[in-house]
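Colleague: Taken in order, these protein sequences are the chains called E and B. Residue 1 is where the first sequence starts when you use our numbering, and the numbers rise one by one after that. Residue 1 is where the second sequence starts when you use our numbering, and the numbers rise one by one after that.
Just so you know, the hints here were simulated from the structure itself, not pulled from any lab data. Virtual Cβ for every residue (Gly too), placed ideally from N, Cα, C. Errors might be hidden in some of the hints.
As the list claims (entries may be wrong) - Derived contacts from chain E toward chain B, CB cut-off under 8 Å, selection only: (1) D19; (2) S44; (3) R46; (4) N81; (5) G87; (6) Y181; (7) L188; (8) N192; (9) Y197; (10) L208.
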Amino acid sequence: MPNNIIKGQVIPINQANIDTDSIIPKQYLKAITKTGFGPFLFDSWRYKDPGDLSTKNKRRINEEFILNQEPFSSGNILITNNNFGCGSSREHAVWALKDFGIQAVISTSFADIFFRNSFKNELLLITITKKELEKLFNEISESSKYCLTINIQNQTITTPNNLEINFDINDSDKDKIINGYDDIELTLKHKNKIQDYEDNMKKIKPWLFETNDEK
Amino acid sequence: MKETLYDKIWNEHQVHLNDDGSSLLYIDRHLVHEVTSPQAFDGLKIKKRDIWNKESIFAVSDHNVPTLNRKAGIKDEISRLQVSTLIDNCSKHNISYFDLNDINQGIVHVIGPELGITQPGMTLVCGDSHTSTHGALASLAFGIGTSDVEHVLATQCINVTKEKNLKINIKNQLSEFVSSKDLILYIINHIGASGGTGYTIEFMGECVKELSVESRMTVCNMSIEAGAKSGLIAFDDKTLEYMIMKKYSPSKKYLDQATKYWETLSSDADAIFDKTIIIDAKDVQPQVTWGTSPEMTVHVGGKVPNPDDVSNLEKKESIERALKYMDLKAGQEISSILLDKIFIGSCTNSRIEDLRQAANVIKGSKIAKNIKQAIVVPGSGHVKAQAEKEKLDKVFINAGFEWREPGCSMCLGMNDDSLEPYERCASTSNRNFEGRQGDKGRTHLVSPAMAALAAIKGHFSNIVDYINAK
Numbered sequence: 001m002p003n004n005i006i007k008g009q010v011i012p013i014n015q016a017n018i019d020t021d022s023i024i025p026k027q028y029l030k031a032i033t034k035t036g037f038g039p040f041l042f043d044s045w046r047y048k049d050p051g052d053l054s055t056k057n058k059r060r061i062n063e064e065f066i067l068n069q070e071p072f073s074s075g076n077i078l079i080t081n082n083n084f085g086c087g088s089s090r091e092h093a094v095w096a097l098k099d100f101g102i103q104a105v106i107s108t109s110f111a112d113i114f115f116r117n118s119f120k121n122e123l124l125l126i127t128i129t130k131k132e133l134e135k136l137f138n139e140i141s142e143s144s145k146y147c148l149t150i151n152i153q154n155q156t157i158t159t160p161n162n163l164e165i166n167f168d169i170n171d172s173d174k175d176k177i178i179n180g181y182d183d184i185e186l187t188l189k190h191k192n193k194i195q196d197y198e199d200n201m202k203k204i205k206p207w208l209f210e211t212n213d214e215k
Numbered sequence: 001m002k003e004t005l006y007d008k009i010w011n012e013h014q015v016h017l018n019d020d021g022s023s024l025l026y027i028d029r030h031l032v033h034e035v036t037s038p039q040a041f042d043g044l045k046i047k048k049r050d051i052w053n054k055e056s057i058f059a060v061s062d063h064n065v066p067t068l069n070r071k072a073g074i075k076d077e078i079s080r081l082q083v084s085t086l087i088d089n090c091s092k093h094n095i096s097y098f099d100l101n102d103i104n105q106g107i108v109h110v111i112g113p114e115l116g117i118t119q120p121g122m123t124l125v126c127g128d129s130h131t132s133t134h135g136a137l138a139s140l141a142f143g144i145g146t147s148d149v150e151h152v153l154a155t156q157c158i159n160v161t162k163e164k165n166l167k168i169n170i171k172n173q174l175s176e177f178v179s180s181k182d183l184i185l186y187i188i189n190h191i192g193a194s195g196g197t198g199y200t201i202e203f204m205g206e207c208v209k210e211l212s213v214e215s216r217m218t219v220c221n222m223s224i225e226a227g228a229k230s231g232l233i234a235f236d237d238k239t240l241e242y243m244i245m246k247k248y249s250p251s252k253k254y255l256d257q258a259t260k261y262w263e264t265l266s267s268d269a270d271a272i273f274d275k276t277i278i279i280d281a282k283d284v285q286p287q288v289t290w291g292t293s294p295e296m297t298v299h300v301g302g303k304v305p306n307p308d309d310v311s312n313l314e315k316k317e318s319i320e321r322a323l324k325y326m327d328l329k330a331g332q333e334i335s336s337i338l339l340d341k342i343f344i345g346s347c348t349n350s351r352i353e354d355l356r357q358a359a360n361v362i363k364g365s366k367i368a369k370n371i372k373q374a375i376v377v378p379g380s381g382h383v384k385a386q387a388e389k390e391k392l393d394k395v396f397i398n399a400g401f402e403w404r405e406p407g408c409s410m411c412l413g414m415n416d417d418s419l420e421p422y423e424r425c426a427s428t429s430n431r432n433f434e435g436r437q438g439d440k441g442r443t444h445l446v447s448p449a450m451a452a453l454a455a456i457k458g459h460f461s462n463i464v465d466y467i468n469a470k
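With the rest of the complex left out, here is chain E (with noise of 0.2 Å):
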């Protein structure tokens, strides 16, 4: 299977409601492509002096921020407390994450919006209980160099310690993530449905396709 084991060094951020403003700030929601938004995640966080896509200066780094650590730099599974992801639904935050190289995240919680546009993407989210939170991050406090397996087909999260994790996840993300579709090609291959529904509806609700000359 193309991906189905995701494995690496784990970075926490115990926070909760961390929100898509902090995962990337608004001033590179003017960039008009997909690409290039990893060196940006966290980006007040991650460096001491502000940035925008025109600026090629050096920033001073925040030492202090945990994506500036070995080894968490070099990272690729991020766990982190509930609500990740909430406010904006700018999917710029999960092009970051995966431009950056992370490929999973775990928490208890994600924002709605957020999810949706993870999966979009590929980026694998992992939603476990309070407890077996509690458990990964007491575990990753014993040790830094912390690397878990995800084995996404049997649903299970094992730890250096050999602790195994149980997750759900919807058939059709788990497929997402495992093939990677275009789902769009398969959603058109409802198109007859979908044009019957419209005509139907140009007949029952006549007003909602009037168009503007008709005004």
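Since the structure of chain E is provided, determine the placement of chain B on it from the hints.
Modeller: Coordinates of chain B only, in the frame set by chain E:
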């Protein structure tokens, strides 16, 4: 079977039920702005896909636009490119676009309802989380990411799993000079920033019936700050009155037919909700946020919380972190917080009623000496024109406010309007997140009347006491 309003709109728009339990939902209206759409149009181009229904789309630039010297165009090269990309995409695909100097231009969530683009019973999406605003007109509206924008452009549909039904029943009436902004901040504090996650909220009860349609928009707008993608309010006479004579409302030919349908848009009397929360509007006082999440709210007569009073370690740490960022002391009186800037605007509070309320407070007064800047940014060209007709612009300008052109402005500071590091702002917007209004900036969310009073006083003060003492 008895249905909630959410059930009704959902069922009417379901094209197909997928194997995984999600639904293919038909989307009636798609609002597009410059920030979250370029990559979606690009995606269509790469795959050589066409747009399903161009007539269902309305586009406008609002996030990146200057609120000064509009005629001079956009100075910032990167912003200019983003706006011109939207203009190019719209002209290429023949999509309705409201130009910067068009009176119809404004914040996407202000112009949608104002122009009658948003109508009761519709499904409506936009690549912006505050799309929940439109639920005030009994339409099922929610924010989506850029991949979904592309999906809706190409298929007119979205694959979504139905949320649960949450009823927030608001009993009694708000006290005089307490606004719907105070109400929604109070509710978010009550249920938490993730209290509505996984739900569609329907706001109902005596209080909601009395609220104007514009006030209802403020409530639905901030549903997302409680984690709910959509907020809903049933159709009633006020909604009907609001819908008449709008630019894109149903024409005379169909108005009766549409009205007949709209009248079905409320939850059945004994519809089942997964959860019900009861709020007493009498308990709501003017609110001020003190922290970095909209749930961190207290009434204006209250104090900043003390983390030592909180036993939950996680909560305690989040309060400590917020106090440090906001540079506030535990137990500090809200009224002692001194301000640097005042922002009246945003998709939450930039409509004509908001401006009237603020102008009413500051009429004949001047902004306090410690206020470095106070700006009013109307939500749309029409709001601006109406305010000028009522001479509200003069009231603001005479008090020392700047009167600006419409846009999102300092709510998120993507244009030139932002806080300098460590500046403190009383803002009528919706998010007090770290850095939201500018790097290291400090935001306190309040109602328009409270922001206006803070401008005069230089610190927070109780609007109810102030007006009663007058």
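Colleague: It remains to establish, for every hint, whether it holds in the given structure.
Modeller: Results for each hint:
no., hint, verdict
1, D19, "5 Å, holds"
2, S44, "5 Å, holds"
3, R46, "12 Å, violated"
4, N81, "7 Å, holds"
5, G87, "6 Å, holds"
6, Y181, "12 Å, violated"
7, L188, "6 Å, holds"
8, N192, "10 Å, violated"
9, Y197, "5 Å, holds"
10, L208, "6 Å, holds"
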